[in-house]
Structure formats: structure tokens, C-alpha cells
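Enquirer: Here is what each chain is made of, one letter per residue.
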Amino acid sequence: MTTVGDKKYKIIGTRPIRHDGADKVTGRAVYGIDYHMTGMLWGKILRSPHAHANIRGIDARKALALPGVHAVVTGQDLPVAADREVEAGETSLNYMHLSDNVLAGKKVLYKGHAVAAVAADSAHIAEEALALIEVDYEVLTPVLDGREAMKADSTLIHPEQTIKALAFRFDPGTDTGVKSNIAGRSVLKLGDIDAGFKEADVVVEREFSTSWVHQGYIEAQNATALWSSDGTLTVWNSSQGTFNQRQLLAEILKQPVSMIKMVPQEIGGGFGGKIPVYLEVPAAMLSKKTGRPVKINMTRTEVFEGTGPASGTESRVKMGATKDGKITAAYAELVYEAGAFPGSAVGAGAQGMFTSYKIDNVLIDGYDVVVNKPKSAAYRSPGTPQACFASESVMDELAEQLGMDPLELRIKNAAGEGDRRADGVQHPSMGNLECMERLMASDHYKSDLGGPNRGRGVASGYWGNAGMPASCSISINPDGTVGLAEGSPDIGGSRVAIAMMAAEALGIAAEDVHPSIKDTDSIGYNGLTAGSSTTLRNGWAVFEVTNQAIALMTTRAARLWETEPDNVGFADGVFFSKAEKELKLTFKQLAGKLMETGGPISVAASVAPRGAGPSFTTHLVDVEVDPETGKVDILRYTAAQDVGTMIHPSYVEGQVQGGVAQGIGWALNEEYFFDDKGRMLNSSYLDYRVPTMLDLPALETILVEHANPDHPFGVRGVAEISVVPPMGAISNAIYNAVGVRMRNLPMAPHKIVKALSEKNGSK
Amino acid sequence: MAISKTHVRTTLNGEATEYLCEPNQSLLEVLRDVLLLTGTKEGCNDGNCGACTVNMDGRIVDSCLVLGVEAEGCKLMTIEGVATPEGLHPIQQAFLENAALQCGICTPGFIVATKALLEKEPSPTEARIRHWLAGNLCRCTGYDKIVKAVVDAANTMGGKK
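Protein chains in written order, with my numbering: chain A, 1 to 763; chain B, 1001 to 1161.
Hints were generated in silico from the structure; no laboratory data involved.
Note that beta-carbon positions come from the ideal geometry of N, C-alpha and C, so glycine has one too.
Hints should not be assumed to be uniformly reliable.
Said to hold, decoys possible - Some chain B residues judged to face chain A by a derived CB distance under 10 Å, without partners named:
# : residue
1 : N1045
2 : Q1092
3 : W1132
To be verified - Label pairs and their calculated CB-CB ranges:
# : chain 1 : residue 1 : chain 2 : residue 2 : range
4 : A       : G599      : B       : L1065     : 51 to 61 Å
5 : A       : V139      : B       : A1134     : 36 to 46 Å
6 : B       : T1156     : A       : E207      : 48 to 58 Å
7 : B       : L1065     : A       : D633      : 24 to 34 Å
8 : A       : Q426      : B       : P1122     : 56 to 66 Å
9 : A       : S447      : B       : G1158     : 29 to 39 Å
Only chain A is shown next, with the shape it has when bound in the complex (with noise of 0.2 Å):
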């Protein structure tokens, strides 16, 4: 393998302006939201009102008379799909699940769960419509709590599902054959834990619970279809993985992929939450009924009600560790709820968790659980930050009983290259210790907190990261620019970086490069943007088609000069002449001279590498706390993360940047408010609360680069991890501030003012 880690580049590491920059910031880039077609129909969704209820008839023969309206759907209209399990990033998904998610079959197990569809000539017409759909429905008695639910006398959500012992995250698992609303148990184990906390001197357990969160994209969910007469199904949308979509469509609609076109628009963010389907499908049956394009947008309501936020938790955490610091045993149950149907991202949290560490005695109980709320999805570093924060927070009580510093404690026991996860996957070479290091040594951690109510808190993570396949291709122009070919959505800036790689390959400019993202008919099969995978497994397809592409102009230089290729060279950009010094063409200049040397040159290549970089990560934070409110301010931020090689540098500092700011409204503000019917109370921004700028301080950013030995030009994930120790490091301050431990999440105000009268009260 080709490693070039070391190597001094020209492009990559610089901040050229992205190639899709001006049309961004001219208003002229179309995303999913904005796509228009002539003769285009608008459609909207009727949802159920019920978390929980069977669905005795649908009547929709007033909407249907409507003038204005073309065409109604249910679940009704949907075939059967497979009951077959497969993975959507970090959580999972079942096809025939995912087709009941879509368009309720004989039940809504869910506030917001889609019950009928509407085409009409506008979408205020088909708007009107919905009111004129008369559902009966038989109202059940919700599950609203991971706990409840779990107990043996509980309703069961699914009356025939069995709980599935999975050896491992995709595992299909063992079938218990005991019903129950849990789907999936998963266990990490490690060692002996017994034996571990034996060794002990200090052990601290703890319980944890979080809400419900969502990813908080600002684009709706959209999508438009025509499904032409030819029985060709094209899809217009904003995707983070147009392959992935044509299979779940292919399944649930019972078409071969070849009949299926899925065209990525831009994107307005995603976080995990455009992985699965869910207005692609009505909209493609509107569109076989009425034979016109339909277009469905979600509102903001139904985003937060009717698609895939992360589950609330509730865990157990324990760690022992003996008087020196050296932590010896970790154990954790973990309960996420998956919603409403089974899929959460516990088995990604259970990996993620402890894994800053060297611990050898570990073990790790995960329960999959499904209630009557949406069914969760992925959302950044899936399942993981609720865990973390959990295993972050004893850390923190450890350090405390033990008397050291918390960075040092983490130092002591930060793994390294070799250790093993609780998984007993070994760790590659990594820079999780320099993170930690560096961030003992930086003008923050060596600060006052210079006021009282202020507390500083420290938090570690980790995130696996994902490889998964790409394709790309390249063509020469005679110019010496590069048209670039991608199929992978380009969600925060990878397009640029994808283009860097290509240009340093090549030495021309990135602005020499022109990359756009292709439809699933002109490109080679992708994996998600996601895993924070995409310009990690682009960069291999780039390096995979310059390398060809090389190959082939040394072939066009050796003819030219009327020798073998052997004796063409090919460095900084300029083919050369091995024997004869003088004999040397730029990129360009043999670009130029392609026709009169046997035609034009364009390559493409598919990937599907192994080896993506693990993250690691370690945060700071510095918290103002108001005692007679229990409003936190975040006074000063550092997150210290091995970011691999940067390719362009002020977009990996923008993922870093923006994790924190998503872990910092998970933290303090962010949550699902159900009431006891198991309706979501605050489905708008106004009253969900996202951080806004005046809520945020600057960031500070600490960027390691270690190189990940496994890619050729040093790529590690970035995107995701940094969502990942927010809360914990934010949790720890608060203590260090006013003393009192906050073990769930949000730290709203009104929780913390009440802990601290608590601990008022009983001084």
C-alpha cells in the first residue's frame, strides 16, 4: 500500500474556494427542496393523530372530489415487502418495516406515522384534502417508556416479535423466541468483569437517561418522482445516498433497480436523518396514478414528528479503577429506544463507549426497545453520544474519588495502536493520546475560570467511522482541466476535498478540477454520505482513476517521443523523459496533444476500501452557571480531535465546529416533550431550540494530524465524533461550577435550579 502520510503536498492542505461555492452563495444551487418540474402535481400527507391505533377503514372519497385533487394513496396501494434486516448507517432498518414506516399498513404505532397521500394541482388544495380523508381508527393504549416497555405484562407494540440475541450490530442474530417489545439484545464482553472490579479500590455507578433528539437539518425532507409511462421510476431529492435509497424504493415498490433513477439534488444537511426513504414512496405512487410528476415537502412539524430523530436512553453505567488511576473493569447497560419499529443505534453506542480507553475487563448489555414514538435513525456518531455521556460522567466521579486531575486520569489510561476495543477489534495506529496531550498543554486548559459559578469539564470520545464503496470518474480536457464524476451527495464540502485529491495526483489546480455528483444511471455504485466515510473512500477512487489515467498519458508522452512507457516519468505534475532530460510536457501540454496521439482519455474506477481511520477526541469546555436561573453559558470551547491528514482544512475545522455546536444544544436545551399520549409538544424550531449564535461562543479547534496509515493520502473520518463528548465535558463543568451532578439530558434550566435547591436543602 501506498502511504503518503509524510509527503509535502501542494494542494492538499490548502483552503481553495469550494467549486460549488458561487451558486451557493448566489441562491442559484437548486437542492431537493427547490427542484420544479413542468405539469408538476403537489402532494401532502395525512398522519395519524394516535400514537398508537388500529386502522379499521380509510374513506377518501370526499378528498377525492375535490376539485383539484388527482389522486389519493394508502398503505393499502403498497405490495408486500420482504421481512429482511439491513443497515442504515449505524442503525438498521427491515424492508417491510420501512414499507409500514412509509405508508401505515393495519396500524399507526406512531404521533405523525403517514396514513394516506394526497396529489393535487396545489399543495394548499391538497392541504384541504387531507381534512376530507375520514380515517377510522381504534385507539390503543400507547408504550411511551423504554423501561415499561421492556417488562413482561407490557402492551406489545408487535404482537409476534421475539427478542433477538445479536452477537454483534448487523448480527441477524438468535432468535429467543420470547415475545416482547425488546427486539435485540447485544452484548460486548471483555475479560472479566468480576475479576476486574475485584481489583478495584474505587468504583462508581451510576444512572443516566437522555430525550430524544433530532438531526435539526434546516432543508425539509422532499421529494419529487415521475413515474413515466415507459415504467422507468426517476426520483429527484436531497439524499445523503441515492444507491442506498433506489434499493429501500426497489424493495418496497417490488421494482428491479434498473427501472429506478434516483438524481441527488443539493442537500441542506442530513446528520443521518436522509438515509432512509419515506416521501420518496408516495410521491412515486402519485405519480403512477396521475402519470404526472409529483412533488411532496415535508413541513418542519413533520419533520420532528414523522421522521428518524435519535432515541432516548436510559443506561447503567459502572467503572472501577484502582487507587493509581488505572481503570480495571467497565460495565454498561444500555436501553434505547428504537421507536416504532426495531433499529435504534445501541449496538454503535456499546462500541463507542469506553473505547478512549485501555480497559480489559469490559461488558456491555444493549437493549433495542420499541415504543410508540418515530422510528429513530442515525444521527452523527449514531447511539454513541448518549453512551458517552454516561461513561463520561463516571470518568469524571472517578477522578474525583481518586483525587487526580480528569485529563490526567484519561491520559493514564488513553488506548493506543494495539489495545483492544470491547469488541476485541484492535485498535490501528491513532492519535488519541496526542489529543489529550495537546490539550493539557494549550492556553485554555492553563486559563482561569476568573469568575464564580464557572466550572471547566472534560470529555473524551470515539467514533468508528465507516469505509463503504465509491465510484468516480475523470476526463482529460484538452485544456489540462479535469471533469470529476462523483455519486456520492456532497453534504459540508467533500466536493471540494474530493477535487483536491484528484489535483494534487495530477499537479494541476483544484480549480483545474470540475466535479459535480452524478444520478444512479451515470455513475458507479456509492455507499451513504455518511460514517463520515465520503471523501475518506473518494479519495481512494480518485487515486484510483488519476493512477490509471497517468498510466495511460505515459503511454501518449512515450509516443510521442517514440520510446517505451517504462521510460516515461511522472512527478510533480510534469511527464518526463527518463533518458533525454530535455524531452517534458506539463499535465496540460500532453492533455493538449491527446487527439494527435490516439483520442481522448477517461477513466473511471470503483472502490469498496477497508481501513477507515477510527476518530478519537477529547473536549473542554468552560461553563458559566446562574444559580438563580440554571441557565449554562458556555464561556470557552476547545475540542481536540485526530483528524488524519486534512485535505482542506478549514472544512474539517467547520465538521469539528459544527458537531460541537449539536452536542451543545443536545446538552442544554434539545429535546422531544411527549406528553401521555405520547404526542410531541414542541414539533418547531421556536419551541425544539437549536443553539443560535448568540448561544454559542467561538470554537476552538485543536487538529491532529495523524495520518491513517491506511489511505493514500492520510484521510480519517472527521464529520461525525465531534457531536460525541459535548455533553459529558459540559455535565463534568456544571459540576465543577455548582456541585451538582446532571445525569440527565437536557441540562435545562429548570432541572438545575432544582438540583441545586436539592442540594441547598439538604446541607
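Since the structure of chain A is already known, use the hints to place chain B on it.
Expert: Coordinates of chain B only, in the frame set by chain A:
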């Protein structure tokens, strides 16, 4: 039965613009679905995210909260009116140079809101910028680079309106 439409006359990005709209259509719908100016983005459609920010008679408004008929006689400026044939506006350039966008869906709203700020207050403090733009949500960047871009744009513009 079709709803009767209202004839509305405005000045949009410096040009006299007329449109027909239904009484229940918001200005955002008119811009996007009638005039096909999709640079003004829809984020929440309930006035909480600022993605649909436009300038209406010198004030920034969430166009999802304004009815199309209310724009009668108004001067409107949308993201499509910020750049000139000569090139990008310094604010747009600053957003690009500072990597102040990731997915970019909130960017038009931020730029329109920033332009209104810098026309009023050429040299705002960071605190003032954070206060002025608090009605514009961004979920990707953590805002850090947006603030830097606005400071950068203010410096480039040198207090010129």
C-alpha cells in the same frame, strides 16, 4: 373552483415586477413557486429559522410570514439581487473565503440579513453580529466561520454602504 388571484406590483431586485397570487400564498411561496426564484429557501415555514429572509422596504423579514398580497408597492431584495454582473458582493466573497457554509441551505438568508446589518452598521462588534443574526439558524457550522465572514466582509467593505 379556482380561487381568484390578486394582481400585485412590486419592485424586485431593482426591477418592476408584477405577479398574480392567491390570497393564502405567502411571499415565500410567490417567490419560489410563482416567480421561480428559489434562492430564498424554505426551512421551517413558521418564522423560526430565517432561511427565507428577504429585504422588504429596507427591513429584513421572514418571507414565510408575509403574504404575497402584502408586497403590493414594496421594494423587495432577495439573494438573487445581491451579486452584480461584475461579480459577487463582498459579503458573498467573504462567506466563500471563510468557508462559512457547509450544506449552504441557510446561506442566502444569512447573506441577505448580513447585508442589511452592514448597510446600517458598517463596523459591528462580534456581539452585535451574533445578536443581529440570531434569527438565522445554521445547523452545520456552529456559526464560528459565519461570524468571521461577516467581520471580514465589514472590513473589506470598509464602512462603505
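Enquirer: Are any of the numbered hints broken by this structure? If so, which, sorted upward?
Expert: none
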